[in-house]
Amino acid sequence: MRSFHRQSKAFTLMEVIVAVVIFSLVVSSLVVSFRTGVKAYDIGITHSELDQTIRFVTSKIAEDLRNVYYKQPWTYNITRNQREQLLAEREQQLLQAGSRTSLLDDPTLPELGPRIDLSFRATDNGEADDLSFARLEFDVPLEMRHPWGLARVRYLVVNNTLYRAVDDVIAPETDENGNEIPKPTQPTIDKLANNVKAFDLKFGYYYDGEWLLANDWDSDASQYRNPTDEEEEEMSSVGGIRTTYSGGMQTSGPLQQRKSDDLPAWVEITYTFTDPKKTEKEKTVTQVVQLYPSQETYIPPEAEEGSQSERNIFRTRRSER
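So the sequence shown is numbered by UniProt numbering: it starts at 1 and just counts up by one.
Since the hints were made in silico from the structure, they are not lab data.
As the structure is a prediction and not an experimental result, all values here were calculated from the model.
Heads up, a few of these hints could be off.
To be verified - Taking CB as the label site, the calculated pair distances span:
id, residue 1, residue 2, range
1, Leu136, Lys259, 19 to 27 Å
2, Ile78, Gly98, 27 to 35 Å
3, Ala165, Thr279, 24 to 32 Å
4, Thr284, Ile22, 43 to 51 Å
5, Ser48, Glu143, 28 to 36 Å
6, Thr297, Pro114, 27 to 35 Å
7, Asn159, Glu89, 45 to 53 Å
8, Glu89, Val140, 40 to 48 Å
9, Asp190, Tyr298, 28 to 36 Å
10, Asn159, Leu112, 35 to 43 Å
11, Thr279, Glu15, 20 to 28 Å
12, Lys39, Thr284, 21 to 29 Å
What the hints assert, rightly or not - Within a straight-line C-alpha distance of at most 35 Å, the following computed DSBU-like cross-link-like pairs (lysine-lysine) qualify:
id, residue 1, residue 2
13, Lys259, Lys278
14, Lys183, Lys281
15, Lys183, Lys278
16, Lys191, Lys39
17, Lys197, Lys277
18, Lys281, Lys197
19, Lys283, Lys39
20, Lys60, Lys183
21, Lys259, Lys183
22, Lys281, Lys60
23, Lys197, Lys60
24, Lys183, Lys283
25, Lys60, Lys283
26, Lys39, Lys278
27, Lys183, Lys71
28, Lys191, Lys71
29, Lys197, Lys278
30, Lys197, Lys39
31, Lys281, Lys39
32, Lys71, Lys60
33, Lys60, Lys191
34, Lys71, Lys281
35, Lys71, Lys197
36, Lys39, Lys277
37, Lys277, Lys183
38, Lys60, Lys277
39, Lys71, Lys39
40, Lys191, Lys278
Backbone N, C-alpha and C define an ideal beta-carbon position, used for all residues, glycine too.
Can you build the whole structure from these sequences, using the hints too?
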């Protein structure tokens, strides 16, 4: 009988080490590729969400501004102003007569009614400006509309967050010390965007044969289009001094008031957003919106840099760094 002996073979230590090294390299490359892909996907999602937020914010503000509702201040609150004047005259008569009777105890005292506020106001707060105006609500469901179909919209930045507040156009009452009395119904406040580093406003208007830009605006003031001689001198050196507006109607005699500035021709808004992942990275967007009810209906080419047409009333510029 012949016996056959099989010789078994095994891996040597060197072969095992080489195999482990190769396997480790392959797994490491797969892990690195996977992590790179996940990071790229995360960055892409973040940038996509930021771009979507920018589109939403710019569209919302443009929609509100294009539906701005404004009237010169002497064209409304007429009855209320007349009643206030009547009460002031009666109060003066009581004081002259030495009477201790309060007008509040007079049963014939006429009701003043609510004071309406349709002014267009913007405060320059550096990179966190504040904008407030009245707008039409024809695009709002009927059950959600405010009285007269008008709402006061306000945009403001608090702690790098952009908010939109919606209230009625009734001005808050004030107490005897001039402090505002809170309304029974508080405004509706919505958060529009986070990571807002800057919300800067410029207002274009026409004065003395040229187009100019202002850092703030008050439609009821006589500051930019109708300044006094002293204001003109100071505007040229410090950019404008606000003058309190107290009526607007041009009348004769000592009660004559200067004409108000009304609405600007357009609003230029500059937004600066920071990257949520890398705060050192920023994205800046500039938007120009024309106000249709304004007394000027033209935006000069200088305000439309890079535009192909002077009729382009909406421009968005983007820059990243």
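Does Lys183 pair with Lys281 here, judged by a C-alpha cut-off of 35 Å?
violated (42 Å)
Is 24 to 32 Å respected by the C-beta to C-beta distance linking Ala165 and Thr279? holds (27 Å)
Check your understanding: Is the gap between the beta carbons of Lys39 and Thr284 within 21 to 29 Å?
Key -> holds (25 Å)
**Study point:** Proposed proximity, Lys278 with Lys191 (alpha carbon, max 35 Å)
**Key:** Between Lys191 and Lys278 the Cα gap is close to 22 Å, so the pair holds against 35 Å.
Run the distance test for Lys60 versus Lys277: straight-line Cα separation, threshold 35 Å.
holds (25 Å)
### Task
Would you check the hint for Lys60 and Lys191, treating anything up to 35 Å between C-alpha atoms as holding?
holds (12 Å)
Margin query: Check the hint pairing Lys283 with Lys39 against an upper bound of 35 Å on the C-alpha distance.
Written below: holds (20 Å)
Against the 35 Å threshold, does the CA-CA distance of Lys183 and Lys283 hold or violate the hint? Not satisfied, since the Cα-Cα distance of roughly 38 Å exceeds 35 Å.
Practice prompt. Below or equal to 35 Å on CA atoms is what counts here, so check Lys39 against Lys278.
Written response: holds (13 Å)
*Proposed proximity, Lys278 with Lys197 (alpha carbon, max 35 Å)*: Holds. Lys197 to Lys278 sits at ~13 Å (cutoff 35 Å).
>> Against the 35 Å threshold, does the CA-CA distance of Lys71 and Lys60 hold or violate the hint?
In response: Roughly 23 Å separates the two Cα atoms, so the pair holds.
Holds or violated: Lys60 with Lys183, Cα cutoff 35 Å?
Holds, at roughly 26 Å.
This entry does not satisfy hints 11, 13, 14, 15, 24, 34, 37 and 39, going by the numbered hints stated previously.
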